[in-house]
Amino acid sequence: MADYKFHILVCGGTGCQSSNSHEIMEALKQNVADAGMAEDCKVLMTGCFGFCEQGPIVKMLPDNTFYTSVKPEDAAEIVAEHIVKGRKVQRLLYVDPENEEHVSDAKHMEFYKKQMRIALRNCGFIDPENIDEYIARDGYAALAKCLTEMTPEEVIEEMKKSGLRGRGGAGFPTGLKWQFARGYKSDVKYVVCNADEGDPGAFMDRSILEGDPNSVIEAMAICGYAIGAKYGRVYIRAEYPLAIDRLSIAINQAREYGLLGDNILGTDFCFDIELMFGAGAFVCGEETALIHSMEGQRGEPTTKPPFPAESGFWNQPTNVNNVETWANVPVIFLKGADWFRSIGTEKSPGTKVFALAGKINNVGLIEVPMGTTLREVIYEIGGGIKNGKKFKAVQTGGPSGGCLTEKDLDTPIDFDNLVAKGSMMGSGGMIVMDEDDCMPAVAKFYLEFTQEESCGKCTPCRVGTTRLSELLTDITNGKGTLQHLEELKRLSEVIRDTALCGLGQTAPNPVLSTLRTFEDEYIAHVTEKTCPAGKCQALLKYEIIADACKGCTLCARNCPVGAISGTVKNPHVIDQSKCIKCGVCMNNCRFNAIVRH
Amino acid sequence: MVKIKSLEELKRIKEQAQNSVSLRVKGDNIENMIQIRVAMATCGIASGAREVMNEFVEALGEEKIDNAVVTQTGCMGYCYAEPTIELTMPGKDPIIYGYVDKAKVHEIIDKTIKHGELIDGIINSQHKTIE
Ligand SMILES: Cc1cc2nc3c(=O)[nH]c(=O)nc-3n(C[C@H](O)[C@H](O)[C@H](O)COP(=O)(O)O)c2cc1C
Ligand code: SF4
Ligand code: SF4
Ligand code: SF4
Ligand code: FES
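Read top to bottom, the protein sequences are chains A and B.
For the first sequence, our numbering begins at 1 and goes up steadily by one.
For the second sequence, our numbering begins at 1 and goes up steadily by one.
Just so you know, the hints here were simulated from the structure itself, not pulled from any lab data.
Note that beta-carbon positions come from the ideal geometry of N, C-alpha and C, so glycine has one too.
Misleading hints may appear alongside valid ones.
Listed below are several chain B residues computed to face chain A (Cβ distance under 10 Å; list not exhaustive) [claimed, not checked]:
# : residue
1 : Lys3
2 : Lys5
3 : Gln18
4 : Asp28
5 : Asn29
6 : His115
Sequences and hints are given; from them, build the entire structure.
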């Protein structure tokens, strides 16, 4: 077999696939074949590279050139220039916004400099549909080590020593959880992977499953060995078709190699994994609801205890971990608990994957050591706020979390610091807001989400989130009073203290945290009936400044509801009772005579 | 696929598969790699550049020099001296060797790559690599 001299990696993450990365790959293959270089140059598809903002991404090896925003039409030039003539296609290189220089190697991009990839180590590096590539990267060596050199107790000890904490939200120590599951005696136990990922804007788990499904499979088998379980289940939402595909392929390949099934690696350990599909309800990510849903019942939570470790799936001891938690496990055994502990902070070792979204220049998937500050994430990796606007807040922890502001930017990110600042880690969604975002409206957005997703089992959450979102609707419509604010606070506290599951208990967080840090904004909405960010339509008022108006009549002719009157060369006026606040007049006036406030 | 029944068998599969990703591992660390670029325009190919390229790949493999990558480039403008190669040792300026044949490939590997000795046949040491 002749060795390939070039590899072309095409991003097959969901973002890039939706911008035609499949066609790009086909076009590249065609051009490589036409150039007579099919023997020299291998074209393959990988998982997400993380820099989705610049996608579709194509990476050339061995010279590590990173092409951005590639279109199928670019394939011919990439092959003719880069592969055949050894010249980089300048126009497809990333341009550093600071100094406008072309950067060809990802290592030199601000976006990647501070990142460290553990959970994402293989994403954008291997072909996720080929188990051999995973094995080439030491895949299944951790499982082999556990099965042949360590007792289950030693495996659990190593996990405990590593200090790994669950990445699904709460940050519970993984080794301890395994120990509990091992402690309950039963012939039948289950290992469950929580791949429900329902937090709006989050796609960490999806990307891991799409880019490196074998890391999750291997980790689940290690856990099976440690706790004494033969059965694995991945609970994944049906709306992740690509992740389901890649995971199914990986499970089949692992079975063919005998890395799943009976007598794995010639030992007497047996373990296999099945997929179970969820309908995409946020509450089904909560572990007890998830287990009920797996049993074919309504996806409703029940009180803990009993914890799943004692009585979970079919009332058997069950260990549930999150996708990203799993992805960390094999590396811990390959490189050792001490190595893992040396990364991140003392109480939160390792890294965390975040999905950066909102008003930020570099939208994408990032992985940083715990202890990195929000400022580094937003300004260095994220490239700062879009369109040079001013940073206002960042929501971490999704609908269960809270807003952090300017004063929190230098806080090192870890589980405990985020909680101390009134937010939480959550699963890793990070939504950045700028000066144009209205905080009561942000709170309303999250409350509408949780109200919609509440399973309805308990009153504080079912009725409480509805009332909270009604109060917020009043406030953003200019119908709020100071009493509304009192009521928001009181009700939030009641829900937090009395709801049955985490969904309800944390639902008020966005309200409480925005009320705390942006109280002025709430007060402006209810007392002056204005929206300082200029977002709440009902509170906006368009007015013509008589002195500046030249009487050109343009606005009157364009107003969709005929709210503007006036005669040629005389100042015009807006009839506030008719105006629907569409903003057309202000955008069109050439004399800046119309203001919004 | 045959079932993997022991740690040794897993290691064997790993070794076989290693080739498929080693190019990417090198690429991740390209700044510290020895880069050999063979000029493969019409003039180069006509004078045997493809054979030279294959010889480099094989010889480096045999010598177990795994911190080197071999790629191709277009015409470098030294058509009179084809086949030509551009050799870049980490942290050094690229040098160009002309009239490279199979024997020369081995000489370059033995002397320049292994011991940093320059040998006859350098046609331009002030060369700027094309990006
Ligand atoms: C409303 C709600 C939604 C949740 N959604 C998810 C989810 O989508 N994925 C996840 O892994 N954990 C989710 N969790 C946390 C799980 O209940 C559980 O703690 C986690 O899967 C345990 O895995 P870990 O220890 O590896 O983090 C959710 C919890 C709540 C209360
Ligand atoms: S808190 Fe909400 S989601 Fe949880 S059980 Fe109660 S109603 Fe259902
Ligand atoms: S478009 Fe501007 S200048 Fe013209 S009439 Fe309207 S407000 Fe006056
Ligand atoms: S904002 Fe729209 S509706 Fe109101 S006056 Fe201007 S154009 Fe008319
Ligand atoms: S999907 Fe291609 S870089 Fe994220």
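- Hint check, failures only: Hint 6 alone not satisfied by this model.
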